[in-house]
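*Asks:* From first to last, the protein sequence lines stand for chains A and B.
Take 1 as the starting number for the first sequence in my numbering and just add one per residue.
Take 95 as the starting number for the second sequence in my numbering and just add one per residue.
FYI, nobody ran anything at the bench for these hints, they're computed from the structure.
For glycine and all other residues, C-beta sits at the position ideal for the given N, C-alpha and C.
Warning: the hint list may mix true and false statements.
To be verified - Simulated pairs of lysine to aspartate or glutamate, EDC-like, Cα-Cα distance not exceeding 16 angstroms:
| id | chain 1 | residue 1 | chain 2 | residue 2 |
| --- | --- | --- | --- | --- |
| 1 | A | Lys49 | B | Asp195 |
| 2 | A | Lys78 | A | Asp66 |
| 3 | A | Lys24 | A | Glu82 |
| 4 | A | Lys54 | A | Asp32 |
| 5 | B | Lys175 | B | Glu113 |
| 6 | B | Lys175 | B | Asp195 |
| 7 | A | Lys24 | A | Glu72 |
| 8 | A | Lys54 | B | Glu203 |
| 9 | B | Lys172 | A | Glu14 |
| 10 | B | Lys175 | B | Glu146 |
| 11 | B | Lys172 | A | Asp39 |
| 12 | B | Lys114 | B | Glu236 |
Claimed, not checked - Residues from chain A that face chain B, not an exhaustive set, calculated with beta carbons under 10 angstroms:
| id | residue |
| --- | --- |
| 13 | Ile35 |
| 14 | Asp42 |
| 15 | Lys49 |
| 16 | Phe51 |
| 17 | Thr61 |
| 18 | Val64 |
Claimed, not checked - Counterexamples of contact, computed for chain A against chain B with all Cβ distances above 12 angstroms:
| id | residue |
| --- | --- |
| 19 | Thr4 |
| 20 | Asp6 |
| 21 | Ala9 |
| 22 | Ile18 |
| 23 | Pro25 |
| 24 | Asp32 |
| 25 | Asp48 |
| 26 | Gln62 |
| 27 | Lys78 |
| 28 | Asn79 |
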Amino acid sequence: MSSTFDTVANIIAETCDIERDKIKPESHAIDDLGIDSLDFLDIAFAIDKAFGIKLPLEQWTQEVNDGKATTEQYFVLKNLCERIDSLVAAKGAA
Amino acid sequence: MRLEYFQLIDRITALNLAEKTINTEAIVPAESTIFEGHFPGYPLMPGVLLIESMAQTAGWLVVALNKFERMPFLAALKEVKLRTFVQPGARLSLSGRLLHDGSGFAVTEAQGTVEGKTVCEAEITFRVTPFPNSEFRRFMTEFADRVAFPKEAVANG
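Please construct the entire structure, taking both the sequences and the accompanying hints into account.
*Replies:* Dropping the structure here:
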């Protein structure tokens, strides 16, 4: 997870011009780092490329809108990284 | 090119769903009220319309890859370069390529040439969503015929 976090944090720092030191595993991408949905497309693009996956953003958004999930489950970085690891593992198992 | 209808390409000349590429062409009108303002005595195709030409080219590719089930909406531009003036009457050849098919978004690159010389290029990101209503989808399906969209490519793809 730590290397996943480092990769994601570096992507966020570079994409959104946020100081790397301010990006923590506990940071909420939206509430703490102020990343908006358009910037998150850039981040998702970079994450997809870096890990060879496709973040299911539409599914996550739908679940949040339907009240079936909270934004914390997907956008707190340690949780996001866990989901990235799961997607990478699922891809490797396929 | 029908500027008054915001139709910035005339026809799709090639569509390759396997390679995820598209080619289009457009003739810049010899006359348009746009040129009365841009610019008096020195008519030029506005750069924003060159960008729109590239966006429509790449956009039709995204429509094709989504088999007319989803619509791309312009979201972001990067690395935009407008290299040369384009004048009324010019024949624009445009090309687009999918760089990434994301969840609810697509990243593409496009460029335009005139007489083999690159005049514009950009990386274009679209939000890609289901059509908001059936009327819109029907409009796009009909519009596709006007730009010679090769529907058989989608049916067979």
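*Asks:* Now tell me, hint by hint, if it's right for this structure.
*Replies:* Now for the hints, and whether the structure bears them out:
Distance hint between A:Lys49 and B:Asp195 is fulfilled; the C-alpha atoms sit about 10 angstroms from each other, no more than 16 angstroms. With a C-alpha separation of about 23 angstroms, the suggested pairing of A:Lys78 with A:Asp66 is violated against the 16 angstroms cut-off. A distance of roughly 14 angstroms separates the Cα atoms of A:Lys24 and A:Glu82; the hinted pair therefore holds under the 16 angstroms criterion. A hinted pair counts as satisfied when its Cα atoms are at most 16 angstroms apart, and A:Lys54 with A:Asp32 does not qualify at roughly 24 angstroms.
With a C-alpha separation of about 24 angstroms, the suggested pairing of B:Lys175 with B:Glu113 is violated against the 16 angstroms cut-off. Our distance criterion of 16 angstroms between C-alpha atoms is broken by B:Lys175 and B:Asp195, whose separation comes to about 23 angstroms. Note on A:Lys24 and A:Glu72: the hinted pairing holds, with a Cα-Cα distance of about 14 angstroms set against a maximum of 16 angstroms. For the proposed pair A:Lys54 and B:Glu203, the alpha carbon gap of about 19 angstroms is over 16 angstroms, so the pair is violated.
The hinted pair formed by B:Lys172 and A:Glu14 meets the criterion: a straight-line CA distance of about 15 angstroms does not exceed 16 angstroms. Between the alpha carbons of B:Lys175 and B:Glu146 the distance comes to roughly 13 angstroms, so the proposed pair stays at or under 16 angstroms and holds. With a C-alpha separation of about 13 angstroms, the suggested pair B:Lys172 and A:Asp39 falls inside the 16 angstroms cut-off, and the hint holds. Restraint check for B:Lys114 and B:Glu236: not satisfied, since their Cα atoms lie roughly 22 angstroms apart, outside the 16 angstroms limit.
Checking A:Ile35 against chain B: minimum C-beta separation of about 14 angstroms lies over 10 angstroms; hint violated. Taking 10 angstroms as the C-beta cut-off, the interface hint given for A:Asp42 holds, the closest approach to chain B being about 7 angstroms. The restraint placing A:Lys49 at the interface with chain B holds, with a minimum CB-CB distance near 7 angstroms, inside the 10 angstroms limit. Interface restraint check for A:Phe51: the shortest CB-CB distance to chain B comes to about 13 angstroms, outside 10 angstroms, so the restraint is violated.
Hint status for A:Thr61 relative to chain B: holds, with the closest Cβ pair at about 7 angstroms, below 10 angstroms. A distance limit of 10 angstroms between C-beta atoms decides the matter here; for A:Val64 the minimum to chain B is near 13 angstroms, and the interface restraint is violated. Taking the minimum C-beta to C-beta distance to chain B, about 18 angstroms, the non-interface status of A:Thr4 holds against the 12 angstroms cut. For A:Asp6, the non-interface assignment is confirmed: its Cβ lies about 22 angstroms from the closest Cβ of chain B, beyond the 12 angstroms cut-off.
Distance to chain B confirms A:Ala9 as a non-interface residue, since its nearest Cβ pair spans about 20 angstroms, more than 12 angstroms. Taking the minimum C-beta to C-beta distance to chain B, about 18 angstroms, the non-interface status of A:Ile18 holds against the 12 angstroms cut. At the 12 angstroms boundary, the C-beta of A:Pro25 stays outside the reach of chain B, the nearest C-beta of that chain being 23 angstroms off. No Cβ of chain B comes within 12 angstroms of the Cβ of A:Asp32; the nearest lies about 23 angstroms off, and the non-interface call holds.
The non-interface label for A:Asp48 is inconsistent with chain B: the shortest C-beta to C-beta separation is roughly 6 angstroms, within 12 angstroms. Annotated as non-interface, A:Gln62 brings its C-beta within 12 angstroms of a C-beta of chain B; the closest such distance is 10 angstroms. Distance check on A:Lys78: its Cβ is at least 21 angstroms (rounded) from any Cβ of chain B, clearing the 12 angstroms threshold; non-interface status holds. Every Cβ of chain B is farther than 12 angstroms from the Cβ of A:Asn79; the closest lies at roughly 17 angstroms, confirming the non-interface assignment.
When the structure is compared with the earlier hints, violations turn up for hints 2, 4, 5, 6, 8, 12, 13, 16, 18, 25 and 26 and for no others.
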